[in-house]
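K.L.:
The chain contents come next:
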Amino acid sequence: MFQPQIAVESLTKIYRVPQRPPGLAAAIASLFRRTTQDVPAVRDVSFTIASGEIVGLIGPNGAGKTTTLKLLSGLLHPTSGSARVADCTPWERRPEFLRRISMVLGNKSQMIWDIPPLDTFRVLGEIYAVPPAEYRATLDELVALLEMEELLTKPVRNFSLGERMKCELVAGLLHRPAVLFLDEPTLGLDVSMQTRLRRFVAEYNRRSGATVILTSHYMADVVALCPRVIVIHHGRLIYDGGLSRLAARLAPFKLLRVTLGEAEAEAEAEVEIEGAEVIERENGRLTLRVRRGNAPAVTAQVLQRLPVADLTVEDPPLEAVIDQIYQGDLTGFHNLSGLEAAR
Amino acid sequence: MTPLGTLNHRGGWALVKSTWTSWLQYRSFFFLLAFGWMLPPLIYLFVWSAAAGAGQVGGLNRGQFVGYYLILILVNQITYAQTNWTVGDVIRSGGLNSWLLRPMPPLYNVLSSELAGKVVYLAFVVPVAAALAVLLRPEVHPAPGGVPLAILATVLAWALRFFWGLWIALLAFWATRADALLAVQDALVFLLAGVVAPVPLLPAALRAVAAYLPFRYMVGFPVEIVTGQLHPAEIATGFALQVAWLAAALILARRVWRAGLRRYSAIGG
Chain A
-14 MFQPQIAVES
-4 LTKIYRVPQR
6 PPGLAAAIAS
16 LFRRTTQDVP
26 AVRDVSFTIA
36 SGEIVGLIGP
46 NGAGKTTTLK
56 LLSGLLHPTS
66 GSARVADCTP
76 WERRPEFLRR
86 ISMVLGNKSQ
96 MIWDIPPLDT
106 FRVLGEIYAV
116 PPAEYRATLD
126 ELVALLEMEE
136 LLTKPVRNFS
146 LGERMKCELV
156 AGLLHRPAVL
166 FLDEPTLGLD
176 VSMQTRLRRF
186 VAEYNRRSGA
196 TVILTSHYMA
206 DVVALCPRVI
216 VIHHGRLIYD
226 GGLSRLAARL
236 APFKLLRVTL
246 GEAEAEAEAE
256 VEIEGAEVIE
266 RENGRLTLRV
276 RRGNAPAVTA
286 QVLQRLPVAD
296 LTVEDPPLEA
306 VIDQIYQGDL
316 TGFHNLSGLE
326 AAR
Chain B
1304 MTPLGTLNHR
1314 GGWALVKSTW
1324 TSWLQYRSFF
1334 FLLAFGWMLP
1344 PLIYLFVWSA
1354 AAGAGQVGGL
1364 NRGQFVGYYL
1374 ILILVNQITY
1384 AQTNWTVGDV
1394 IRSGGLNSWL
1404 LRPMPPLYNV
1414 LSSELAGKVV
1424 YLAFVVPVAA
1434 ALAVLLRPEV
1444 HPAPGGVPLA
1454 ILATVLAWAL
1464 RFFWGLWIAL
1474 LAFWATRADA
1484 LLAVQDALVF
1494 LLAGVVAPVP
1504 LLPAALRAVA
1514 AYLPFRYMVG
1524 FPVEIVTGQL
1534 HPAEIATGFA
1544 LQVAWLAAAL
1554 ILARRVWRAG
1564 LRRYSAIGG
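Residue numbers (my numbering), protein chains in the order written: chain A, -14 to 328; chain B, 1304 to 1572.
It is worth saying that the hints were derived from the structure and are not from the lab. Here the structure is a predicted model, which means the values were calculated and not measured. Mixed in with the good hints there might be a few duds.
As the list claims (entries may be wrong) - Stretches of chain B that chain A covers, calculated by requiring three or more beta carbons in the stretch to come under 8 Å of a beta carbon on chain A: (1) 1313 to 1319; (2) 1405 to 1412; (3) 1478 to 1490.
Even glycine gets a Cβ: it sits at the ideal position worked out from N, Cα and C.
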């Protein structure tokens, strides 16, 4: 029988946040009578993830991604709903559960600051009771994959952000977790370091068969690593499926990039094209946004009416699609329930 | 499951060793802290030995005051629970998350820096106290059996001071500036635990208060035992009160920790 590594059912988390109008009088009043407001962070989210999958969890700031990860790693208790991760209920925080998972946070460090990473790694090996032979093998493998041999004996304090992130990954993986939560692992890193970390995560997943949930604001991370994405917006799951279908489902339009013949460029560029929206106009280049179904007709119209030197039809960049979702501008969908039906 | 969760001594010991390594990088900083902590008793050492002059005050002569305060400096350093000050920061800064993600009770993290700290501080305080002993010629006349009893009382005093401070520090789950209460605790230790004057020398009213509150049992009590200021009956009562307060501190720390963790997992760090 199929046993998912992560199974989430109607998971809901509502924070109760104290509320207080500004001013001293209100501050004093709040000492006696506290008013609170319920802030739903995650609402009725359900999904399952199979062993060995890499899934991207995406959504704007405050959408509920980190809350979801904290629920799945046992740091938070849900308001309602259930979750099973690696055969355990996360928030019971059993030692056998904690041994099977790992959470690496891009903005928090678990390294001991003043001593070389090797010392922190040894402590973690002991805490997770990793047998010495296995510890050495895992460490050697991770260090080789991340090419960080020379960092092992220098104090962490002096490391760059990228070097520190490599250490965080080793620290998080020494006990060979079956489930890995990566929260913004490439935050603040330069492009080449991002690429290397991505390659590492993919390679690690391939070798170890670990299940990975990744959150990131860099779409390149998601494109490179996650065949499947879960989109969360205002705490609700609005899309769960293949990355390739995301654009088609959520942004059912194409981009027509037109380069005009130089002589007539300026004058002709003013022409209105029916069924297309001009979203960029620069030096004789036009970018038109066209509904998917209309693309052939609009292309024909453009070729007929404009002095075209070059024309391409593209899918919109993922960033633009995501931005549209975040802005709530869901062209082609009447409402969110339509979106949910789409998955 | 124990009150600490599932035990993990192996991980705890590794943590102690790494904390040592880490703290030894900052020897001079910790030595300065330790120097700061030994200053008040050192000042009162000189005040009381000057007051005694060639005679006696409250039954103690100059050499006995020197002995009392040098031992108090050591006991104060051994029982000072410096981690009480850092627990609140860990809770506020979200550092608790990485403690909670590990298969080890977070108390180990606290105890390991406590233990590592003791070694680093004592590496400074013991030689300094020894040098002062050579210079100031203390007089100590322990009663028979006084030394082992005092050692036992010192260990209990540390546990009491640590867990009493811990439950106060854990109030950081609710209030951002709970460490103000720790400053109050330090002030009460200064006043009622034998630092400003040996407890038997306090005015009667204050002495009665000191005898029943927990603070004397955090520092002064073991020093009074080893310097022979207490009758056997007083020692027995003292141990009973010390153990009772320790039990209270353990129960409070455990309750506050559980309630705090419930709140933490409800609202997040």
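K.L.:
Hint by hint, note whether the structure agrees.
P.N.:
For each hint, the structure was consulted:
For the stretch 1313 to 1319 of chain B, the stated coverage by chain A holds: 5 residues have a C-beta nearer than 8 Å to a C-beta of that chain, and at least 3 were required. Counting residues of the stretch 1405 to 1412 of chain B whose beta carbon lies closer than 8 Å to any beta carbon of chain A gives 3, which reaches the threshold of three, so the coverage claim holds. With 0 residues having a Cβ less than 8 Å from any Cβ of chain A, the stretch 1478 to 1490 of chain B misses the three-residue criterion, and the hint is violated.
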